[in-house]
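Listed here are the chains, written in short residue letters.
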Amino acid sequence: GQSLEQPSEVTAVEGAIVQINCTYQTSGFYGLSWYQQHDGGAPTFLSYNALDGLEETGRFSSFLSRSDSYGYLLLQELQMKDSASYFCAVRGGGATNKLIFGTGTLLAVQP
Amino acid sequence: GAGVSQSPSNKVTEKGKDVELRCDPISGHTALYWYRQSLGQGLEFLIYFQGNSAPDKSGLPSDRFSAERTGGSVSTLTIQRTQQEDSAVYLCASSLSAGVGDEQFFGPGTRLTVL
Numbered sequence: 098g099q100s101l102e103q104p105s106e107v108t109a110v111e112g113a114i115v116q117i118n119c120t121y122q123t124s125g126f127y128g129l130s131w132y133q134q135h136d137g138g139a140p141t142f143l144s145y146n147a148l149d150g151l152e153e154t155g156r157f158s159s160f161l162s163r164s165d166s167y168g169y170l171l172l173q174e175l176q177m178k179d180s181a182s183y184f185c186a187v188r189g190g191g192a193t194n195k196l197i198f199g200t201g202t203l204l205a206v207q208p
Numbered sequence: 081g082a083g084v085s086q087s088p089s090n091k092v093t094e095k096g097k098d099v100e101l102r103c104d105p106i107s108g109h110t111a112l113y114w115y116r117q118s119l120g121q122g123l124e125f126l127i128y129f130q131g132n133s134a135p136d137k138s139g140l141p142s143d144r145f146s147a148e149r150t151g152g153s154v155s156t157l158t159i160q161r162t163q164q165e166d167s168a169v170y171l172c173a174s175s176l177s178a179g180v181g182d183e184q185f186f187g188p189g190t191r192l193t194v195l
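Heads up: the protein sequence lines correspond to chains U and A, in order.
If you want this note's numbering, it's the position in the first sequence, counting the first as 1, plus 97.
If you want this note's numbering, it's the position in the second sequence, counting the first as 1, plus 80.
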């Protein structure tokens, strides 16, 4: 089977840096993705790591260690608009590439 | 261009009724996915289409759930004899293909409430 674990909630202040961790157990591994979802909105893609290391996209970075079955999303210079749920997801690979999602981390950014 | 669209945005139905949920993927996207999100939970995979074929239906929770895709475009998810536990947001996503590097773009979802 496949499972992903994330903290359920994280709170931080504007301008700070926050790290959201994700550990996974999968029968096969084809990469780790991160999605952002505002309340009532559609999930939107943030990043994808297929190989070990850090991927940087603006204020957001994502890290993967395949040997540790671990990744994280790093958000810098937090803004109020970053308050949302963040999901890590493992790609199912094979013929489908379906996403297997974690239960999500609710990030609350305070002034 | 337009993103993924879904209709209706909200659906309230009575237990035992059938419902149909529609998804219009991004034009040219050959892969289409249906997911379900219960309150406060992550997304749960339901079914995957490549073109009009569904090679992976492993996430459909029961035989009351079915889906089809026509013309390699629009998809319909049908739930027969709805139950209260079917209440959730049903999300559709599409991607250019089913390659591992292909990003999935999600629609806004249909919020289904079964009374």
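No lab work stands behind these hints, which were simulated from the structure alone.
Glycine residues also receive a C-beta, built at the ideal position from the N, C-alpha and C atoms.
Don't take each hint at face value.
[What the hints assert, rightly or not] These stretches of chain A come out as covered by chain U in the derived footprint (C-beta under 8 Å, 3 or more residues):
no., stretch
1, 122-129
2, 182-190
[Claimed, not checked] Here are some chain A residues the structure puts well away from chain U; computed CB gaps all over 10 Å:
no., residue
3, Ser87
4, Glu94
5, Gly96
6, Lys97
7, Arg102
8, Ser153
9, Thr156
10, Thr158
11, Glu165
12, Ser175
13, Thr193
Now for the hints, and whether the structure bears them out:
1. For the stretch 122-129 of chain A, the stated coverage by chain U is satisfied: 5 residues place a CB nearer than 8 Å to a CB of that chain, which reaches the threshold of 3.
2. With 8 residues bearing a CB less than 8 Å from a CB of chain U, the stretch 182-190 of chain A meets the requirement of three and the coverage assertion stands.
3. Taking the minimum C-beta to C-beta distance to chain U, about 14 Å, the non-interface status of Ser87/A holds against the 10 Å cut.
4. Residue-level check passed: Glu94/A sits 24 Å from the nearest beta carbon of chain U, beyond 10 Å.
5. Against the 10 Å criterion, Gly96/A stays outside the reach of chain U, whose nearest CB is about 28 Å from its own CB.
6. With a least CB separation of 25 Å from chain U, Lys97/A remains clear of the 10 Å interface cut-off, as annotated.
7. Every C-beta of chain U lies more than 10 Å from that of Arg102/A, the closest at about 15 Å, which supports listing it as non-interface.
8. Here Ser153/A stays apart from chain U, with its beta-carbon at least about 19 Å from theirs, past the 10 Å limit.
9. With a least beta-carbon separation of about 19 Å from chain U, Thr156/A lies farther than 10 Å from that chain, consistent with its non-interface assignment.
10. For Thr158/A, the non-interface assignment is confirmed: its Cβ lies about 20 Å from the closest Cβ of chain U, beyond the 10 Å cut-off.
11. Distance check on Glu165/A: its Cβ is at least 18 Å (rounded) from any Cβ of chain U, clearing the 10 Å threshold; non-interface status holds.
12. Non-interface call for Ser175/A relative to chain U: violated, since the shortest CB-CB distance, roughly 7 Å, does not exceed 10 Å.
13. No beta-carbon of chain U is positioned within 10 Å of the beta-carbon of Thr193/A; the least distance is around 14 Å.
The structure does not agree with numbered hint 12 stated previously, though it agrees with all others.
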